[in-house]
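So you can see what is in the structure, the chains are spelled out below.
Protein chains: 4
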Amino acid sequence: MIRVGLLGAGRIGQVHARSISAHPGSELSAISDYFIDNAQKLAGQYGSKAQTTDEILADTQIDAVLIATSTDTHADLIEKAAQAGKAVLCEKPVDLSLDRAKKCLKNTAHTKQPIMVGLNRRFDPSFGQLKASLDAGEIGKSELLSITSFDPAPPPLEYIKVSGGLFRDMMIHDFDMTHYLMNALPVSVSAQGSSIVDPDIGEAGDVDTAVATLTYADGRIAVIKNSRRAVYGYDQRIEILGEKGLLQAQNILENTVVKSTVDGVVSAKPTYFFLERYMPAYAAEWDAFVKSIVAKEEAPVSLSDGVAALALAEAATKSAQIGAPVLMKDIL
Amino acid sequence: MIRVGLLGAGRIGQVHARSISAHPGSELSAISDYFIDNAQKLAGQYGSKAQTTDEILADTQIDAVLIATSTDTHADLIEKAAQAGKAVLCEKPVDLSLDRAKKCLKNTAHTKQPIMVGLNRRFDPSFGQLKASLDAGEIGKSELLSITSFDPAPPPLEYIKVSGGLFRDMMIHDFDMTHYLMNALPVSVSAQGSSIVDPDIGEAGDVDTAVATLTYADGRIAVIKNSRRAVYGYDQRIEILGEKGLLQAQNILENTVVKSTVDGVVSAKPTYFFLERYMPAYAAEWDAFVKSIVAKEEAPVSLSDGVAALALAEAATKSAQIGAPVLMKDIL
Amino acid sequence: MIRVGLLGAGRIGQVHARSISAHPGSELSAISDYFIDNAQKLAGQYGSKAQTTDEILADTQIDAVLIATSTDTHADLIEKAAQAGKAVLCEKPVDLSLDRAKKCLKNTAHTKQPIMVGLNRRFDPSFGQLKASLDAGEIGKSELLSITSFDPAPPPLEYIKVSGGLFRDMMIHDFDMTHYLMNALPVSVSAQGSSIVDPDIGEAGDVDTAVATLTYADGRIAVIKNSRRAVYGYDQRIEILGEKGLLQAQNILENTVVKSTVDGVVSAKPTYFFLERYMPAYAAEWDAFVKSIVAKEEAPVSLSDGVAALALAEAATKSAQIGAPVLMKDIL
Amino acid sequence: MIRVGLLGAGRIGQVHARSISAHPGSELSAISDYFIDNAQKLAGQYGSKAQTTDEILADTQIDAVLIATSTDTHADLIEKAAQAGKAVLCEKPVDLSLDRAKKCLKNTAHTKQPIMVGLNRRFDPSFGQLKASLDAGEIGKSELLSITSFDPAPPPLEYIKVSGGLFRDMMIHDFDMTHYLMNALPVSVSAQGSSIVDPDIGEAGDVDTAVATLTYADGRIAVIKNSRRAVYGYDQRIEILGEKGLLQAQNILENTVVKSTVDGVVSAKPTYFFLERYMPAYAAEWDAFVKSIVAKEEAPVSLSDGVAALALAEAATKSAQIGAPVLMKDIL
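Protein chains in written order, with our numbering: chain A, 52 to 383; chain B, 52 to 383; chain C, 52 to 383; chain D, 52 to 383.
The set of hints was computed from the structure by calculation and includes no laboratory data.
Computed from a predicted model, the values in this text were never measured in an experiment.
Warning: the hint list may mix true and false statements.
Copies of the same chain look alike in the list, so a pair counts if it fits in one copy or across any two.
For lysine-lysine, the following BS3-like pairs were computed, each having C-alpha atoms within a straight-line distance of at most 27 Å [unchecked claim]:
hint, residue 1, residue 2
1, K192, K131
2, K347, K131
3, K153, K369
4, K153, K347
5, K380, K92
6, K212, K295
7, K380, K154
8, K192, K212
For reference, chain A alone in the conformation it holds in the complex (with noise of 0.2 Å):
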């Protein structure tokens, strides 16, 4: 039984806490929370105690931690967790700084247990399924990559003005996928941005639509389209065009229900946003961590993969204030 000991007791969280206590192999012991009164509510629930972050570190007992506090805190508590012996699943991003996370990375390198970075859409169903299928060679060479990642709606002006951009708050799980799917990093990132949903989120400085096109080495280009809002749902797809035909993973809708009237034929629409839709990925995502612990193997989303998604949000970051292609090996 791995015991564990969550830092952070916001919306994500709590998801993880759910994650591990109904996970058979793992216990929720302790949580730590900025506001005291979150960790120690977010414990009764679970039958948990709360703690300072210190003391969870401090304490022999505690096998793992997951970070799920603010992003400024998280490279900090990795290499603390990591020197302090623990297994760590760290929420994506690694730090808004490309620095301070290949900083961390180097600091962390001679770590012997795992350390995972929650970039979760990796454990997705449907994701898996398409690159399990991608891997098995039924299209052949892959050619083209297309991810569609819309949110239902713009998170508040106040998040998005400390949230780094959208390249590295939002697209950097597309960015990650691309990583996943592609097997490579490209050699060149072009990105353009808009903010044309909400022109405020522009005097913030940053975009709530923007494109990323990905070129590789070997001829292989993959586009990432982002929107803050789709009034419809959250719009999660993916398709890869390859010498022997097409995969894609299309969204999960709310029920199975069709309805047909004079008006038309209503399907339900995608499921509402993260929490819904990827609910399944967060426990597959836990599982597959505490399975490396116990097997004592490489997490399988390492902070190695953590910085490179964050390396390519700096790249398109980058090519759309100044209008044009970055070259990655410019920012590795």
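Starting from the structure of chain A, add chains B, C and D where the hints point.
Same frame as chain A, now just chains B, C and D:
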């Protein structure tokens, strides 16, 4: 917290054990089984204890029992548990004999605790959405209901021989669905069946492919199609035509991946069987039962509903045998 | 070049006029109609000439006639045209009276020119593909056939009164489809109907909603569902379950546009009615007729097929009236 | 009745011959071709006559010409035909040289007869429905357009060498579609391409897989994806995200049959190529041209539209070569 005794630790008992344990309002206090080893094993998994059925019924700390034993014991256990003051959730069918089921209904008429029958499909989210749309008048008055319900593969012959026949064992779920959606019992039932999938099933006196047509006093018609074998998976679809349109509940697929090649465009199959398809329904069923106990309200699927489904199965069985429609007034 | 006389310039005659004219192997030489004005108007559109039916039948330059007159004249005209040595394509049904249709079959038994009945759905490309897959063994032995056939709106009461009833007028197409797909006639037909869409239809002695179940000697079963009203359009679906899978022919939609909004995901409706849906089938039907003349082969849908469809309709009409299954051996 | 001279009797000329002949308002008066035999053969099929191009242009009985000759002759023939007072429908592109196309536009500026460019996809019924929904405000203000356009297989290398390159030969249709749907030209075009499908195409100086991203003054963005090879058929999809939802035009499938087996659920492939997919569009295009002549109105796709599509192709070609975005103001 509702304390629950689970009677029966077989396949379906195991499904319920999970729902009971996972529910925040119930705890799995004790488990019995004809084979005590099964009860002990399951109790071990959930931190519960193995007891005899009599011990459970005699335990005043137990609030409710879930009856998941063999069909021939259902009616007796419902009566005993009701007499012991327990709330009851009993797997379908109430009994293979309509007379026995009716007697059970009579014998428990004055029970104050809820008695619910496990006709779980009423709790399937998509069927529930279809029902809600129907009740909201979205297609106006209903006219023609059609249920497609195919199993992926026939059960063992030994099971078929004691099952009471396809109409009582398999189509009973669809009969309950007609009752649920039509809010009435039909005037007549006409059924046809054959053993085209496996002649041995015919030898055993049963059918494996069947159609039943139900006519209602107000002119509505319902059709049910059953097959014991749909090699592509568990095919569970409902559609209902009304004056203002058509409502359909379609299959749930294993994943959302679509592959296009020279051979065609391939989607995933329906989920394999009832454990995959109806797992959310089992959890929702349990939740509804717990809520009815807490609220001291009638159970959402009554013993009377269970008897009605059995009466429809009885009528269909007879109709298929005599080759003519059977009037429900001659059955009830 | 086959020279064709078109008997009947009404709605369906106009459809055929187009097919005859557009086909490279046929020309529309003459047109007759009960109302000579109709014939003249249509002839004007296609550069043809208006004549009386007798003139057309007497014209030795005419190779073939297409009978699109009122149903009560079909059998007489088939016989006259056959006697005049014309190839014949006659709209369904052969007659409303099965006896008259059988007599027509007998009276034309020694005719050398092809006599074909216009059961046009056999020429629908998707139904043809379904049939081809079935005959190629793609789902193995067939077991359970299901046909959904809903009109968008009921015809005028005046039409219904002379139509011969839903089974002979509307379901006859579906009966023919069972014959086409099952390659056999059933042992028994059981039918239920009601006038739930429009009570006036019931007053007129007909039904508007009906189900027929056909059982075959080898254990196969077919179910047909009809409604005179599906407000969302012409609903024409077929599915057949076999030992190795399921084949479905789905509706053809008006266009491929899908709109996702807060209200759901809206697709186009099925094409409105038979003229939209089956236009390619009418053209393919005519092509098949022309080819059978040129190749001096039997027509792909024989007068005997037309009589069989009518016999099934007769059985269903009787079954719905007496409330019991009817054996085909008592009808044929 | 519009009398039409068809210039060019090749594959696309044959498509137009059919539309011209079948249209009630036009007749195919004469046909010319570089190879006179081709003209004679096609004229024979349609009861037309073979002439030289000069004869056709000099014939005062000819109202309109359809130019379906090789691309290098388009601009000259447009100018000559316009000068001869003919209405003109010219296949795309106007020329491979943007300068020549612009000069053609200038040289025909004062022409009174309609000059239309055959950007036929504007007449596809589903794209037309998408455009109508967009213009009706069904998804509010548009934000992000995405076009997927894959051919089933690359053309011969010989064709590619003289085609002007993928952007001018293939993506030009998609550029026109952005113009049609966005009702504006972009500020910048950024394009990436590779020859991953066939290195020989790269050797020939062209690409076979490409992405272009267009940014608009008001913040809208459009993305086009092209591949010369999608083995499953002609993949032609458009989707556009707006403030109130998403509009998608999906592929047209070969038929509606769905087969479910142990191997999955298989639907038909998209129609194979442009002749199958866009045949209704060619007919509708011709109809629109005839109507513009009869109504003495401007053609629905102007020569200016043809030049705009070419300018976008020019910009994309340049962008892919220099590896940086190109501003449209530097092109136009």
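Quick rundown of the hints versus the structure:
no.: 1; hint: K192 - K131; in the structure: neither (42 Å within a copy, 49 Å between copies)
no.: 2; hint: K347 - K131; in the structure: within (20 Å within a copy, 53 Å between copies)
no.: 3; hint: K153 - K369; in the structure: within (18 Å within a copy, 37 Å between copies)
no.: 4; hint: K153 - K347; in the structure: within (24 Å within a copy, 60 Å between copies)
no.: 5; hint: K380 - K92; in the structure: neither (47 Å within a copy, 58 Å between copies)
no.: 6; hint: K212 - K295; in the structure: between (44 Å within a copy, 25 Å between copies)
no.: 7; hint: K380 - K154; in the structure: within (18 Å within a copy, 44 Å between copies)
no.: 8; hint: K192 - K212; in the structure: between (41 Å within a copy, 25 Å between copies)
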